[in-house]
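Chains as they are written, first to last, in the numbering used here: chain A, 228 to 802; chain B, 31 to 270.
There's no promise every hint is true.
Calculated cross-link-like contacts (lysine to any residue; reagent style SDA-like; alpha-carbon spacing at most 20 Å) [to be verified]:
no., chain 1, residue 1, chain 2, residue 2
1, B, 186, B, 153
2, B, 81, A, 311
3, A, 643, A, 680
4, A, 640, B, 201
5, A, 625, B, 194
6, A, 371, B, 263
7, A, 625, B, 182
8, A, 569, B, 220
9, A, 310, B, 84
10, A, 501, A, 680
11, A, 261, A, 797
12, A, 502, B, 84
13, A, 643, B, 194
14, A, 625, B, 198
15, A, 389, B, 119
16, B, 134, A, 380
17, B, 81, A, 606
18, A, 640, B, 189
19, A, 379, B, 264
20, A, 637, B, 235
21, B, 249, A, 387
22, A, 502, A, 312
23, A, 413, B, 235
Reference excerpt, derived from the structure (chain A facing chain B, CB under 10 Å, subset only) [stated by the list, open to error]:
no., residue
24, 287
25, 395
26, 568
27, 710
28, 712
29, 714
30, 794
Every beta carbon over 10 Å from chain B, so not counted as near; a handful from chain A, in silico [to be verified]:
no., residue
31, 301
32, 309
33, 674
34, 679
35, 798
Hints were generated in silico from the structure; no laboratory data involved.
For each residue, glycine too, the CB sits at the ideal point set by N, CA and C.
So you can see what is in the structure, the chains are spelled out below.
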Amino acid sequence: MQIKETPKEYDAIIVGSGAGGGMATKILSEAGMKVALIEAGPFFDPKDPVTQTQMKWPWESPRRGASVNRAFGDFDMSYGDWKVDGEPYTQKDGTNFLWWRSRMLGGRTNHWGRISLRFGPTDFKHKDVDGLGDNWPISYDDVKPYYDRLDKMVGVFGSNEKRYNDPDGFFLPAPKPRLHELYYIKGARKVGVDVIPSRLSILTKKLNNERGVCFYCKQCNRSCNAYADFSSSSVFVIPAVNGTGQVDLYVDSMVRSVTTNDEGKATGVSYINKKDRKEYQLKGKTVVLGASACSTARILLNSKSKQHPNGLGNSTDNVGRYLHDSTGAGRAYFVPALMNRKTDYNEDGVGGMHVYSPWWLDAKKDKLDFPRGYHIEVWGGMGMPSYGFGFDVSSLNKYIGGAIGGYGDKLRKDVKQFFGAVVGMAGRGESIALRDNYCEIDPDVVDQFGIPVLRFHYKWSDYERNQAKHMIDTFDEIGQAMGGIPMGERAGKDKDWGLLNPGQIIHEVGTTRMGNDPKNSVTNKFSQLHDADNVFVVDAGVFTSQADKNCTWTIMALAMRTSDYIVDQLKKQNI
Amino acid sequence: MKRRDSLKTLLVGTVAGATLGSTIGCKTDETTTTEATNVAAETGLYGRTPKEIAHDNKVNTEVYLNEHELTTIAVLCDIILPATADAGAATEAEVPAFIDFIVKDIPSHQLPIRGGLMWLDGEANRRFNKEFIACSDAEQIQIIDDIAYPDDEGKKPLMAPGIKFFNRMRNLTLTGYYTTRMGLDDLGYTGNYANVWDGVPEEVLANHDVDYDPEWLAKCVDQSKRMDIAEWDADGNLLT
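With the rest of the complex left out, here is chain A (with noise of 0.2 Å):
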């Protein structure tokens, strides 16, 4: 077989159109730059009536959204999920790791949380707080200004508290809170745990006069097709497609590894075209890499050379490793006094909570048998039914001492007074980033288009099991303090306290972290390969250290200020 090349030569080959592509994309074509952009996926637009499914009715859907062919149901907007058809990974000591994968433009960026949080001056140097991990070579400071932009150009909710490690911003303003969430307030303050207005990349307010206002449908899992919630594909990717001019896009593109010349400098990529099945190069002046911070360490890996015989990057045996994910664990409450509330007023809200917990405690003041810190978020209200409403609901009965089962109008009466009475909080916390902790390359398995896949090993410690234990305590009292009822069992010791698997959360970073010592990190503090100065990574494989955060607004503060630095050397011609 062929390689076929193309004698055009960019400035920049962008390698995933997710949160930290879809920047390096707007960025560097707004800059006049000749841009590549490469996605393993299909073409998708959140506005397109086709493959739309926000405002669908569940019947629309004949398994009224079960998960058959999307993990999170039907109308989940990712296309691809736990597993990816033809692309495995593998495990390794009894390791079960989670990886989630979006094929398609935009990634994952199309169905996420939308929940936006700066990390904070601790965050970025949590090392000289506590002597674990690594501190990152860089700090708030640094980072703050590409915040800011970033909230103006990109659109998020939230209030300015005053916190010292969940620093306030340029937000929009936030919806009030549902029903469910003033109980959940009122609970949290009487065991004195803080609630604020959570911070969501939704529109609340006009931003500018390309992108619609949220019209509060909860469904931002879905895309939004006025373009209400961040999304790459609808706002960094298709504007710049359409309107720069200056960025060629790859769909259907399977990055295999990165070309490097004799002085071992990135020359451009090797991809497979799905459609065809043939592989194709393309050549750059830098490659820019924002796969996911595993797909990324994989092409690195796979990427093997006379000068880079141990994989591109990889000289000091760090990439893919410390890969770390937040931790997660959750718990359901009934809430009598939520019984047989009013419904004949529209509740959706925004997609995801309108209130949360930023992490309130401080692990040495509070003599903590953990390190780092967790917030929570919280779910209930009247959801739109679909697959597995109401099964079981008449075992609720056993709280209020009521006959359980039965049929006819007493199953009808079940269905109603039940409905919008449950009240659910998940803890998302920080682990610590451990060498041991790894992805690497199975020597025995490929996927259906010959690339060797990824093969994982992952171990949870003390720390997130002793933090998911406090977890699962906190929410009980705020339960408690909301006259909740806790549902199901409580998960033991013998079951880590509920935490959840390393991956399954989807906030995995780390595996190209950034440090001022190249024996013990992959990229500088510009997210640029130590090994290959053109090569640069806008994931979040570059995170020294994941906060007690969600990382997607800290993957695009740091896209931007990489590409800015990009923009800078390549006028500079420095490479």
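Since the structure of chain A is already known, use the hints to place chain B on it.
Frame of chain A, contents of chain B only:
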């Protein structure tokens, strides 16, 4: 602007921002909402990928449940959710068709449903010497009353398979029913249309021991200014 027009624009247009401004204060009409949504659904799809379309087509050509089984399911569905003064019965909401589809789509339902139906006929034969659907209403209810409630104390060990089966039938019937327009109306569900959320209505707050505190409300969106483009001062205070 008529609501239907505005929704059409919403669903197919990019100028939704401007359009939405004019929907504030428009009365919500669920009928037109449904019609408007169906404009986008004229492709006959619900946002499927080619692979998903192929999956649905394949499931639709398969046959699992036979006529006798589906007839029995219809009888059970209407015992579980018979018509009321205000709402139709499960069969009117085409719940048996949903169950017919879902057991093919989620094969783990197949054996429990098929075996459970046979258990039911066996029980009817044992008691009344005829299949379940041939039993009188009173006879059917006599069996159902023995399997419609949990038996935590194990007083009816012979009914255990029936209890398990009926629980699954009840679950699928409830899901199949409350995911239809008829079911949503019966439930009183009033979401899934474009609107402007401005907080829990006063009368609802009055029914619950919660309230909005003014300090919090000050951080919330003033919906009369939602169409004014956001501008901030240097400290992040919203000016518009």
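Okay, the hints, checked on the actual structure:
1. 186/B - 153/B: Given that 20 Å is the threshold and the Cα spacing comes to 13 Å, the pair holds.
2. 81/B - 311/A: Measuring from Cα to Cα gives roughly 12 Å; hence the hint holds.
3. 643/A - 680/A: Violated: residue 643/A and residue 680/A sit about 49 Å apart, past 20 Å.
4. 640/A - 201/B: Within the cut-off at roughly 15 Å; holds.
5. 625/A - 194/B: Within the cut-off at roughly 18 Å; holds.
6. 371/A - 263/B: Cα-Cα ~16 Å, so holds.
7. 625/A - 182/B: This hinted pair holds, its Cα atoms lying about 12 Å apart.
8. 569/A - 220/B: OK: residue 569/A and residue 220/B at ~11 Å, within 20 Å.
9. 310/A - 84/B: This hinted pair holds, its Cα atoms lying about 18 Å apart.
10. 501/A - 680/A: 17 Å, holds
11. 261/A - 797/A: Satisfied, since the Cα-Cα distance of roughly 12 Å is no more than 20 Å.
12. 502/A - 84/B: Roughly 18 Å separates the two Cα atoms, so the pair holds.
13. 643/A - 194/B: 23 Å, violated
14. 625/A - 198/B: 19 Å, holds
15. 389/A - 119/B: Distance of about 56 Å is beyond 20 Å: violated.
16. 134/B - 380/A: 47 Å, violated
17. 81/B - 606/A: Judged against 20 Å, a Cα distance of about 32 Å means the pair is violated.
18. 640/A - 189/B: 25 Å, violated
19. 379/A - 264/B: Holds - the C-alpha atoms of residue 264/B and residue 379/A are around 12 Å apart, at most 20 Å.
20. 637/A - 235/B: 28 Å, violated
21. 249/B - 387/A: Roughly 9 Å separates the two Cα atoms, so the pair holds.
22. 502/A - 312/A: 15 Å, holds
23. 413/A - 235/B: At roughly 13 Å apart (the allowed maximum being 20 Å), residue 235/B and residue 413/A satisfy the hint.
24. 287: Given a least distance of 4 Å, the restraint on residue 287/A holds.
25. 395: Holds, about 5 Å.
26. 568: 7 Å, holds
27. 710: 9 Å, holds
28. 712: Constraint on residue 712/A not satisfied, violated at 17 Å.
29. 714: For residue 714/A, the interface hint is violated, since the closest Cβ of chain B sits about 17 Å away, which is over 10 Å.
30. 794: 25 Å, violated
31. 301: Contrary to the label, residue 301/A does not stay out of reach of chain B, its closest Cβ about 7 Å off (not over 10 Å).
32. 309: 17 Å, holds
33. 674: 17 Å, holds
34. 679: Holds, since 25 Å exceeds 10 Å.
35. 798: Non-interface label stands for residue 798/A: nearest chain B Cβ at 29 Å, farther than 10 Å.
In this structure, the earlier hints numbered 3, 13, 15, 16, 17, 18, 20, 28, 29, 30 and 31 are contradicted, and the remaining ones agree with it.
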